[in-house]
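Chemist: Each chain is listed here by its residues.
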Amino acid sequence: MKLILHIWRQKNPSAPGKMMRYPMDNLSHEMSVLEMLDVLNEQLIVKGERPVTFEHDCREGICGSCGFMINGVAHGPMPATTVCQLTLRHFKDGEEVYLEPWRAHAFPILKDLMVNRSALDRIIAAGGYISVPTGSAPDGNTIPVGKGDADRSMDAAACIGCGACVAACPNASAALFTGAKIAHLGLLPQGQPERNKRALKMVAQVTRELFGSCSNIGECEAVCPKEIRLEAIARMNRDFLAGSWTER
Amino acid sequence: MNGKKAVMAVSGFALFGFVNVHMLGNLQVFLGREAFNRYAELLRAEPALLWAARIVLLTMVILHIWASWKLMVLNKLRARPVGYVMKRSIVSSYASRTMYWSGPIVGAFVIYHLMQFTWGVGGTSHDPKDPYGNVVHGFQVIPIAIAYVVAMGLLMLHLYHGAWSMFQTLGVNHPRYTPLLKRFAQVVSIGLFLGFSSIPASVMAGLIQ
Chain A
429 MKLILHIWRQ
439 KNPSAPGKMM
449 RYPMDNLSHE
459 MSVLEMLDVL
469 NEQLIVKGER
479 PVTFEHDCRE
489 GICGSCGFMI
499 NGVAHGPMPA
509 TTVCQLTLRH
519 FKDGEEVYLE
529 PWRAHAFPIL
539 KDLMVNRSAL
549 DRIIAAGGYI
559 SVPTGSAPDG
569 NTIPVGKGDA
579 DRSMDAAACI
589 GCGACVAACP
599 NASAALFTGA
609 KIAHLGLLPQ
619 GQPERNKRAL
629 KMVAQVTREL
639 FGSCSNIGEC
649 EAVCPKEIRL
659 EAIARMNRDF
669 LAGSWTER
Chain B
33 MNGKKAVMAV
43 SGFALFGFVN
53 VHMLGNLQVF
63 LGREAFNRYA
73 ELLRAEPALL
83 WAARIVLLTM
93 VILHIWASWK
103 LMVLNKLRAR
113 PVGYVMKRSI
123 VSSYASRTMY
133 WSGPIVGAFV
143 IYHLMQFTWG
153 VGGTSHDPKD
163 PYGNVVHGFQ
173 VIPIAIAYVV
183 AMGLLMLHLY
193 HGAWSMFQTL
203 GVNHPRYTPL
213 LKRFAQVVSI
223 GLFLGFSSIP
233 ASVMAGLIQ
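Protein chains in written order, with my numbering: chain A, 429 to 676; chain B, 33 to 241.
Watch out, some of these pointers could steer you wrong.
[What the hints assert, rightly or not] In the DSS-like style, the derived pairs of lysine-lysine whose C-alpha atoms are separated by at most 25 Å in a straight line are:
(1) B/K36 to B/K102
(2) B/K161 to A/K629
(3) A/K439 to B/K36
(4) B/K119 to A/K539
(5) A/K625 to B/K36
(6) B/K102 to A/K520
(7) A/K430 to B/K214
(8) A/K654 to B/K102
(9) A/K654 to A/K575
(10) B/K119 to A/K446
(11) A/K446 to A/K430
(12) B/K214 to A/K446
(13) B/K108 to B/K36
(14) B/K214 to A/K654
(15) A/K629 to B/K119
Think of the hints as simulated: they come from the structure by calculation, not from any bench.
Everything numeric in this text was worked out from a predicted model, so none of it was measured.
The shape of chain A in the complex, shown without the other chains (with noise of 0.2 Å):
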């Protein structure tokens, strides 16, 4: 099948990007998009061009490092699919298509179609963890934990940090990012010492990193690989809101 590609192509931090046009041709239905961009690099570095940079690692959809917007949408137009699943029998033969890296303040773009997402990871080193005493594992079933509790909790921690939630939300929020990793927590037993405390921390953290509020408009929801809800989210604003009262 034959797709014309529409890639944004940006040397470095500092440097201007431009959309840059990408005529493709014999592209199997079955390759994933990361596949075709494979494809086109190698094509690229035979005529002694510059590859197109993207993130990329686990390619089954598990890790979190690929993502970028494909014709306006976070991970293209599959829900609960990332790029390196979403395979081309998705598009129509002969469709442009424009790729584009997620665009936040907080998401620098580095080259192409890879951007810095160390706010994410700084946003988790604020609060999103449990202090524990670490040292040999403790017996399995010694804290005993609902069903229920555990199921919502292994919902919430499905996310992998990709930041599709950011980059589909029209303020640039990471509400969904940051209430996924405090409902994750916040659900269990051992979560419950830091819970408030967490959701203050990481919200500052949030606000220091010019990610903008949440207006539940509900597009980052449609766009997340791991189908992670706004229940996270108003979560996140309850803890925030009990730790406004309760932590000194």
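Please arrange chain B on chain A, whose structure you already have, making use of the hints.
Modeler: Then chain B, alone, in the frame of chain A:
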């Protein structure tokens, strides 16, 4: 940031409560001149209460505008300084994406609304003793009546999203109840539009004279 959102939600909740009561009060215009004027007089019967209500409402309006201004600067100017070449919205409602437009326009409308019916400087005839007559004379000017209906349409859009979003902001979300809250927001916002707009529409149609 989250604190300002909470301010938006709480002040929005208060203003949402006000518009509902305001509509129920206004609908008494259909009970006739005497009943409506008596209601208007009742509202002003106790100056201390009247001013208490005015001060609370004005405070809520100021808080709502202040927080939205701060958040707007963050969201629209700072959080994404370079926009997308191509960006599509896939699930969000038109109402939710246009809060920054519907809000200020409704705010401007409120100022004109006060000028017209409270201060009597709206360009239509004004008699402080006859609010019913002011309504009738005010809405017999067709462009003004149409502007009111348009403004109520924008208020409907604003509350279509705002009336459930405020609960989410304050941490209330449940897979069973949030869909009900969304339905509540839709029903109430459309009800407010129909209720408020029925007054200028009835004057234009000659049902209220």
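Chemist: Are the hints correct? Go through all of them and say.
Modeler: Checked hints:
1. For the proposed pair B/K36 and B/K102, the alpha carbon gap of about 8 Å is at most 25 Å, so the pair holds.
2. The straight-line distance between the Cα atoms of B/K161 and A/K629 is roughly 57 Å, outside the 25 Å bound, and the hint therefore fails.
3. Our distance criterion of 25 Å between C-alpha atoms is broken by A/K439 and B/K36, whose separation comes to about 38 Å.
4. Between the alpha carbons of B/K119 and A/K539 the distance comes to roughly 20 Å, so the proposed pair stays at or under 25 Å and holds.
5. Among the hinted pairs, A/K625 with B/K36 is consistent with the structure: their alpha-carbon atoms are about 18 Å apart, no more than 25 Å.
6. A distance of roughly 43 Å separates the Cα atoms of B/K102 and A/K520; the hinted pair therefore is violated under the 25 Å criterion.
7. Under the criterion of a C-alpha separation no larger than 25 Å, the hint pairing A/K430 with B/K214 is inconsistent with the structure, at around 43 Å.
8. For the suggested pair A/K654 and B/K102, the alpha carbons sit about 32 Å apart, so the restraint of at most 25 Å is broken.
9. A hinted pair counts as satisfied when its Cα atoms are at most 25 Å apart, and A/K654 with A/K575 qualifies at roughly 20 Å.
10. At most 25 Å may separate the alpha-carbon atoms for a hinted pair to count; B/K119 and A/K446 meet this at roughly 16 Å.
11. Of the supplied pair hints, the one linking A/K446 and A/K430 holds, its CA atoms being roughly 22 Å apart against a limit of 25 Å.
12. A hinted pair counts as satisfied when its Cα atoms are at most 25 Å apart, and B/K214 with A/K446 does not qualify at roughly 41 Å.
13. Between the alpha carbons of B/K108 and B/K36 the distance comes to roughly 16 Å, so the proposed pair stays at or under 25 Å and holds.
14. For the proposed pair B/K214 and A/K654, the alpha carbon gap of about 24 Å is at most 25 Å, so the pair holds.
15. With a CA separation close to 32 Å, the supplied pair A/K629 and B/K119 exceeds the 25 Å bound.
In summary, the numbered hints that this structure violates are 2, 3, 6, 7, 8, 12, 15.
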